[in-house]
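Chain by chain, the residues:
There are 2 protein chains.
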Amino acid sequence: MGLVAVTWHNFLRKCHPQKIRSLHTLKVDHQLDQILLSPPLASLDIRDIWTPKSYCQNIPEVHKSFNEQNAVVLDGKLISMEIKSKIADEVRRMKKCLGKVPGLAVVLVGERRESQIYVRNKVTACEEVGISSMVTELSTDCAEAEVHNAVMQYNKDPSIHGILVQLPLPKHLDEEKVLDAVCLAKDVDGFHPLNIGNLAIAGREPLFTPCTPKGCIELLLRAGVEITGKKAVVIGRSNIVGLPTSLLLQRHHATVTVVHAFTENSKQVTCEADIVVSAAGLPNLVRGDWIKPGAVVIDVGTTPVEDPSYEDGYRLVGDVCFEEAVRVASIITPVPGGVGPMTVAMLLLNTLDSAKRILNFT
Amino acid sequence: MGLVAVTWHNFLRKCHPQKIRSLHTLKVDHQLDQILLSPPLASLDIRDIWTPKSYCQNIPEVHKSFNEQNAVVLDGKLISMEIKSKIADEVRRMKKCLGKVPGLAVVLVGERRESQIYVRNKVTACEEVGISSMVTELSTDCAEAEVHNAVMQYNKDPSIHGILVQLPLPKHLDEEKVLDAVCLAKDVDGFHPLNIGNLAIAGREPLFTPCTPKGCIELLLRAGVEITGKKAVVIGRSNIVGLPTSLLLQRHHATVTVVHAFTENSKQVTCEADIVVSAAGLPNLVRGDWIKPGAVVIDVGTTPVEDPSYEDGYRLVGDVCFEEAVRVASIITPVPGGVGPMTVAMLLLNTLDSAKRILNFT
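Chains as they are written, first to last, in the numbering used here: chain A, 1 to 362; chain B, 1 to 362.
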């Protein structure tokens, strides 16, 4: 992991040497006992009171380190390492008390390069924190029954507390059926419609919150960004990022607008946002002039682009034109090294939480 | 029903004599065989293409009847009567073919006046279209087990195809538990988290779409309002109206913003909307200067306000200041006589659809 972190720092050093500023220059008082700053969801359901007085007119200014030249670049890698360190502590405590560790099962179908990399990263992350992991790899042309059987085996397996089907699946497979087969108590990706429904409905609580949205919120909270009452724009409405991120931001009482391919004048809409979360998967969709000065920009987009100058022959590119946005935003996440590592950390945390719930360990 | 329709017309005649313009002056080509103009949900899931060309730059101008003085007032009562007439035809056909009619069960707890009126209206509407109805009335202080038992009885009853628990429940009852007890196949209100989850997730389809949001969309479609790409603002985020309306508008490819009590400058946000759906339950929250000239305004708010000049001692007041908004909007719904009757019609339609599905009748 040290190597990866260095790689990310090298990336930043190469491209934006002046911009390497740790989150810790922003906010240092978050070292609580809890793993996340994110509160339990139910506590966010406070009553809507519609008198003008309830409007948040006196939100404290959070962009204390705001500098017209450069946004603060959030170090997702570093934050995820802190979170993983606390998860590792909890896994050790569980092992000591129960003689058991959380177990994550991954079902990977086909040879899509990015999927293979994501799965490899997840398995490595499990090893780092002491979570056991199992991967079932199936060929691109496998029958739906094979995928279904793999999921059902893991549903029954008492050593497995989280099951993750790596998406996207090859087109001949029915994603809906496969995801529905994952038993609710092990749905650590949080993609089951009952989890999404319970995320959407005020007063209810999903068993699991999808990992990337959860990681985005945690980044915002750790950076001290006030979410309540702020205008948030989520770009993209995928089932795995855009949709649950918009639902989660709304739980945090942001005024959320979802921008998608049919939005007229996406730039104008995005320009008005205090918080922009972009998850369209289109390199450089969000230019500097899409960003309101001082806005907070979370870049979820991670598109591999061929580049022979990189060791692997490609580099990962975000939705946001970083060079431009960093001069306008107050806080920004880089790609890679922003949301990506947070997603993996949240997956580990969901798996830990699932094991605790299943094993009744507190 | 004739009486109620007359009452609504009297209301309009009294308050806004010049504004009685039927929807039919707007669009007359919707007399299709199908009961609704609303398409099946799954068909709305078209692929997001993010090239600028896909942006809807050439939306046809829909406000053909727009007049600077007065918006077209949508006659929800009349439209709902048309829909109910078609539902009645279908119920007769079912009775002729199967010897069975759809059955709706209502569970009403307590003596809340509005709830009693709503339930009475629903029962009357069932009678009008030939749907059988049963009502279980329980006292305000009844035990949760009594409510649960009533629901479970209806779950088992083969003559019942739709079950509706009238909300809100008295505070000592756990609404979540009660709603979850309604079997999914009879959840005609569409409030079960699995239905909400499947409404939210692209590519999935809920068994039932909540009645009020479905009625709002049907009003928009019948008025010829283009939804795709338009800016829509939903005011209020209740589980029964605001949330599902925002999800449904997004399914129709609007760019949706949800305004709630924590929104900073709700007026400014609402001002930018092409379509405003207000469901806050606050009389006259939305003033004329909240509305963009030419916008379409759907007023879901229905708050009873004491008024001794009315026969019942009260009148129903919307969220929108009608007198002001009607001079700015291109299309507007009145309260009463706008969304309210559409909600009841959609409940009947959901019950019919449920009976068709359960009885395998096409």
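Take the hints with a grain of salt, since some may be wrong.
Each pair may be met inside one copy or between any two copies, as identical chains are not told apart.
[To be verified] EDC-like cross-link-like pairs, simulated, lysine to aspartate or glutamate; straight-line CA separation at most 20 Å:
1. 177 <-> 205
2. 292 <-> 272
3. 356 <-> 306
4. 100 <-> 272
5. 356 <-> 226
6. 292 <-> 264
7. 95 <-> 144
8. 171 <-> 353
9. 95 <-> 311
10. 156 <-> 180
Simulated from the structure, these hints should not be mistaken for laboratory data.
*State whether the alpha carbon distance between residue 171 and residue 353 is at most 20 Å within one copy, between copies, both, or neither.*
neither (32 Å within a copy, 31 Å between copies)
- Message: Please sort residue 356 with residue 226 into within, between, both or neither, judging by C-alpha distance up to 20 Å.
- Response: Neither, since 31 Å and 49 Å both go past 20 Å.
At most 20 Å between alpha carbons: which applies to residue 356 and residue 306, within, between, both or neither? Classified as neither; 42 Å inside a copy, 54 Å across copies.
- Give the relationship of residue 95 and residue 311 under a CA distance limit of 20 Å: within one copy only, between copies only, both, or neither. neither (38 Å within a copy, 72 Å between copies)
Quick one: residue 177 to residue 205, C-alpha cut-off 20 Å, is that within a copy, between copies, both, or neither?
Between. Shortest inter-copy distance 13 Å satisfies the 20 Å Cα cut-off; intra-copy 23 Å does not.
Could you place residue 156 and residue 180 in one of the four classes (within, between, both, neither) given a Cα distance threshold of 20 Å?
So residue 156 and residue 180 pass the 20 Å test inside one copy only (15 Å; across, 25 Å).
- Task: State whether the alpha carbon distance between residue 292 and residue 272 is at most 20 Å within one copy, between copies, both, or neither.
- Result: Cα proximity of residue 292 and residue 272: in one copy and across copies (6 Å, 17 Å).
Notebook entry, point to check: Between the shortest in-copy and the shortest cross-copy C-alpha distance, which are at most 20 Å for residue 95 and residue 144: within, between, both, or neither?
Noted result: So residue 95 and residue 144 fail the 20 Å test inside a copy (36 Å) and across (41 Å) alike.
Point to revise | residue 292 and residue 264: within-copy, between-copy, both or neither at 20 Å Cα | key: both (18 Å within a copy, 16 Å between copies)
### Task
If the cutoff is 20 Å on CA atoms, where do residue 100 and residue 272 land: within, between, both or neither? Let me know, please.
Neither way: residue 100 and residue 272 sit 49 Å apart in one copy and 56 Å across, limit 20 Å.
Hint compliance for this structure: hints 3, 4, 5, 7, 8, 9 are not met, and every other hint is.
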